[in-house]
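Quick note, the sequences are listed as chains A and B, same order. In terms of our numbering, the first sequence has 182 at position 130, counting the first letter as 1, and numbering is strictly consecutive. In terms of our numbering, the second sequence has 219 at position 150, counting the first letter as 1, and numbering is strictly consecutive.
Hints are supplied without guarantee of correctness; some may be wrong.
Derived lysine-lysine pairs resembling DSS-like cross-links, with alpha carbons at most 25 Å apart [stated by the list, open to error]:
| no. | chain 1 | residue 1 | chain 2 | residue 2 |
| --- | --- | --- | --- | --- |
| 1 | B | K388 | B | K106 |
| 2 | A | K170 | B | K548 |
| 3 | B | K232 | B | K222 |
| 4 | A | K170 | A | K127 |
| 5 | B | K235 | B | K106 |
| 6 | A | K142 | B | K548 |
| 7 | B | K555 | A | K250 |
| 8 | B | K102 | B | K232 |
| 9 | B | K333 | B | K426 |
Computed from the model, here is a short list of chain B residues facing chain A with C-beta under 7 Å [what the hints assert, rightly or not]:
| no. | residue |
| --- | --- |
| 10 | W132 |
| 11 | N481 |
| 12 | P482 |
| 13 | V485 |
| 14 | L486 |
| 15 | E487 |
| 16 | S488 |
| 17 | P554 |
Cβ pair distances, simulated, as ranges [what the hints assert, rightly or not]:
| no. | chain 1 | residue 1 | chain 2 | residue 2 | range |
| --- | --- | --- | --- | --- | --- |
| 18 | B | A241 | A | D60 | 13 to 21 Å |
| 19 | B | S525 | A | E128 | 28 to 36 Å |
| 20 | A | W84 | B | R471 | 51 to 59 Å |
| 21 | A | V171 | B | A560 | 50 to 58 Å |
| 22 | B | Y257 | A | W84 | 29 to 37 Å |
Derived from the structure by calculation, the hints contain no laboratory data. By construction, the Cβ of each residue, glycine as well, lies at the ideal position given by its N, Cα and C atoms.
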Amino acid sequence: MADKHIDDISGVETTGHEWDGIRELNNPLPRWWLWTFYATIVWAIGYVIVYPAIPMLKDATRGVINYSSRAELTKEVASAKAAQGALAQKIAASSMDQILADPQLTQFATAAGAAAFKVNCVPCHGSGAAGGAGYPNLNDNDWLWGGSAEAIHQTIAHGIRSSDDPETRLSEMPAFAEILKPDQIRQVAAYVISLTDKPHNPALVEPGKQVFADNCASCHGENAQGNREFGAPNLADAIWLRVHGEDEIAKQVQAPKHGVMPAWQARLGETTVKELAVYVHSLGGGE
Amino acid sequence: MNLYTAKGIGNEPAKEPAPAAPPPEPLYSARKKIFPKRVEGRFRRFKWLVMAVTLAIYYLTPWIRWDRGPFAPDQAVLIDLAHRRFYFFFIEIWPQEFFFVAGLLVMAGFGLFLVTSAVGRAWCGYTCPQTVWVDLFMAVERFIEGDRNAQMKLDAAPWSGEKVWKRVSKHATWLAIAVATGGAWIFYFADAPSLAFDFVTGQANYVAYSTVATLTATTYVLGGLMREQVCIYMCPWPRIQGAMLDDNSLVVTYNDWRGEPRGKHVKKSAAAEVSVGDCVDCNACVAVCPMGIDIRDGQQMACITCALCIDACDNVMDKLGKPRGLIAYGTLNEYQSNMALATDNGRSAIDPARVRKADGSFIDAVRHFDWTIILRPRTILYMSVWTAVGLGLLFALLGRDRLEMNVLHDRNPQFVLESDGSIRNGYTIRLLNMIPERRTIMLSMEDLPEASMKVSPVSERPDRVFAIPVDPDQATTLKVFVTLPKNAIVAPTEGFTFIAEDRASGERSVYRATFNSPGAK
Chain A
53 MADKHIDDIS
63 GVETTGHEWD
73 GIRELNNPLP
83 RWWLWTFYAT
93 IVWAIGYVIV
103 YPAIPMLKDA
113 TRGVINYSSR
123 AELTKEVASA
133 KAAQGALAQK
143 IAASSMDQIL
153 ADPQLTQFAT
163 AAGAAAFKVN
173 CVPCHGSGAA
183 GGAGYPNLND
193 NDWLWGGSAE
203 AIHQTIAHGI
213 RSSDDPETRL
223 SEMPAFAEIL
233 KPDQIRQVAA
243 YVISLTDKPH
253 NPALVEPGKQ
263 VFADNCASCH
273 GENAQGNREF
283 GAPNLADAIW
293 LRVHGEDEIA
303 KQVQAPKHGV
313 MPAWQARLGE
323 TTVKELAVYV
333 HSLGGGE
Chain B
70 MNLYTAKGIG
80 NEPAKEPAPA
90 APPPEPLYSA
100 RKKIFPKRVE
110 GRFRRFKWLV
120 MAVTLAIYYL
130 TPWIRWDRGP
140 FAPDQAVLID
150 LAHRRFYFFF
160 IEIWPQEFFF
170 VAGLLVMAGF
180 GLFLVTSAVG
190 RAWCGYTCPQ
200 TVWVDLFMAV
210 ERFIEGDRNA
220 QMKLDAAPWS
230 GEKVWKRVSK
240 HATWLAIAVA
250 TGGAWIFYFA
260 DAPSLAFDFV
270 TGQANYVAYS
280 TVATLTATTY
290 VLGGLMREQV
300 CIYMCPWPRI
310 QGAMLDDNSL
320 VVTYNDWRGE
330 PRGKHVKKSA
340 AAEVSVGDCV
350 DCNACVAVCP
360 MGIDIRDGQQ
370 MACITCALCI
380 DACDNVMDKL
390 GKPRGLIAYG
400 TLNEYQSNMA
410 LATDNGRSAI
420 DPARVRKADG
430 SFIDAVRHFD
440 WTIILRPRTI
450 LYMSVWTAVG
460 LGLLFALLGR
470 DRLEMNVLHD
480 RNPQFVLESD
490 GSIRNGYTIR
500 LLNMIPERRT
510 IMLSMEDLPE
520 ASMKVSPVSE
530 RPDRVFAIPV
540 DPDQATTLKV
550 FVTLPKNAIV
560 APTEGFTFIA
570 EDRASGERSV
580 YRATFNSPGA
590 K
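Can you make the complete structure from the sequences, with help from the hints?
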């Protein structure tokens, strides 16, 4: 800037830039502004030293205090767990009946179970626990293996037909295609459907009743009311887990399908399984 | 700039030929130090009174106790953020009743409109916290450093032991006041005595300390250091209030129709038989102004209408044996009418002789302030809106429910088929017991006679009512199942009613609910 240009009116030096005869005054920055600016630079340097900042090929610089948001999260989760520790331990040490007798434990377990249900159970049983074809609705009062809190706990802990748990609930309906004649299968299907007043062929009901008494009553009971010992469904109630109508019943008699539920005790631990049992029990069908 | 004379009937024709163009004003000018002089008078006394009352309200309110029984705090005014409650003497507000606070803000707004249109910027001049605390800080300053002249001398003097001592003790006192100010604030949000103990012994929450630190800093900086700068550069109120003034609003006015031409040499002028105004150019009004302005320049944005210049001028007028009111509260209408008299409707310069009789008293045509001007359509409108909102809030307060029921119908699943073919619906019911006493709420349903109801874990009484014990001042959440037998199901959606009632007090909350089902088959 060899040729300094001084503005006539203000007496201030200009930057030398000119637009349509207008020149920009070269006033110094306000001092407070300048110092704030320097302070932000100092702050930025300090920040880069203290916190993770500069990206490298695989990682970033760690910073001297070794901060990471993941570690923060782990710490927060740990402290939340610690805060719940007393109640969680109490739940682990209590029987299902003891938990249900204590309103505070019940409330805590229901809330915790609801959260665990959303993570672990929703894929099969649905977010509202209403199930689907082959997956039981947990809201109703129809229970294959029992609806007491204790029975629900047993089912969740050890699963149903779970291959990796020796205590799992196990039973299989035989494939009657090899035992009964096709006529007999149609007759028993007509009898079963008649129990719930659904459309059926009345001529087949009477012989079907005999077939049922000879082959099915040992598990499903004389009045087809089911048996929870074997997970044998009640065939006389309004709820059908898998099949609708005579044809589908006949198919199920010929070559039954069986549901499988994993054992959760080993994966989730005693406390969470108990909480899940309390939650499922609270849905409205609990006994 | 004098807005009155620029706009009014004023001096234009009589103006002297325009002087050479003044040097362009810089956009930024450094702050001029202001050393307001002590003044006595009726407005000063009123300001002391307002200061005492407002500071007493601010500092003492959190310490007032109010017995609400064992289940609620005993502090008369408490904003309990942790529990989402606001207590004000006999009123307890839950978060959903926050409209009361909104209503109070509406009232405050209309109150401000009303006050401003009637008596001008009275809020700025008397009750604004900035004004009150600056006034307090100036009182401290005068006590330690002396009055205007002593302060100016001290300011100009080189640093000495005395100057250091005075400055240190002034700022220390300011800081002490600032700490007390910030300290009082936090007591509105927690039990004052226990918080005070925790605070002093270092056991209080860090939020308490940081709040006090922040408010200490703002009080000290805004009240001690920035003062009039806050009103002129930071505060939006002067602009808004300025826009709400009209020709009949009271503002602090220099009555130049009787003051001009001003002069120090009254006797000399009288001897020369030149007509002079009442203003002796003593600058008393300028010396006392906390905003550092000259009110004789006319109404201006920086004037907070604290009226101290009125006191100062009245004192001078009393000494001179002239009538008070050279500077006075007045309206633009009166001023312009009197100005027209003094300038012969703008045909000449101001000649005070036109408004005076031979004995020196004012002619009858001079208009004086008339209190009835406060009652005009605009103020009456503001007043009625203000009153309407206030009455509305009052009725809402007297008639509000202290028992409420919220019902949430389960949506997932909407209904459950039971094994006997009946249909069950689930509801989450929250009973809000909004008084600090234990109660038993009777929960029942109506309109679906065949339905059965289950409220876990409460058992049903023979009269089909569930007696729910609810905690004081709490919301109680219940899971409720309603089941309708197969043969009673008609439509996919049936309406029915939940009823929650406190049979002791007769309070009752009703919710019209729906029952969903697949419908009759």
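Right, here's what the structure says about each hint:
no.: 1; hint: K388/B - K106/B; in the structure: holds, 18 Å
no.: 2; hint: K170/A - K548/B; in the structure: holds, 19 Å
no.: 3; hint: K232/B - K222/B; in the structure: holds, 10 Å
no.: 4; hint: K170/A - K127/A; in the structure: holds, 23 Å
no.: 5; hint: K235/B - K106/B; in the structure: holds, 18 Å
no.: 6; hint: K142/A - K548/B; in the structure: holds, 24 Å
no.: 7; hint: K555/B - K250/A; in the structure: holds, 15 Å
no.: 8; hint: K102/B - K232/B; in the structure: holds, 17 Å
no.: 9; hint: K333/B - K426/B; in the structure: holds, 22 Å
no.: 10; hint: W132; in the structure: violated, 35 Å
no.: 11; hint: N481; in the structure: holds, 3 Å
no.: 12; hint: P482; in the structure: holds, 4 Å
no.: 13; hint: V485; in the structure: holds, 4 Å
no.: 14; hint: L486; in the structure: holds, 6 Å
no.: 15; hint: E487; in the structure: holds, 5 Å
no.: 16; hint: S488; in the structure: holds, 4 Å
no.: 17; hint: P554; in the structure: violated, 11 Å
no.: 18; hint: A241/B - D60/A: 13 to 21 Å; in the structure: violated, 50 Å
no.: 19; hint: S525/B - E128/A: 28 to 36 Å; in the structure: holds, 33 Å
no.: 20; hint: W84/A - R471/B: 51 to 59 Å; in the structure: holds, 55 Å
no.: 21; hint: V171/A - A560/B: 50 to 58 Å; in the structure: violated, 38 Å
no.: 22; hint: Y257/B - W84/A: 29 to 37 Å; in the structure: holds, 34 Å
The structure does not agree with the numbered hints 10, 17, 18, 21 stated previously, though it agrees with the rest.
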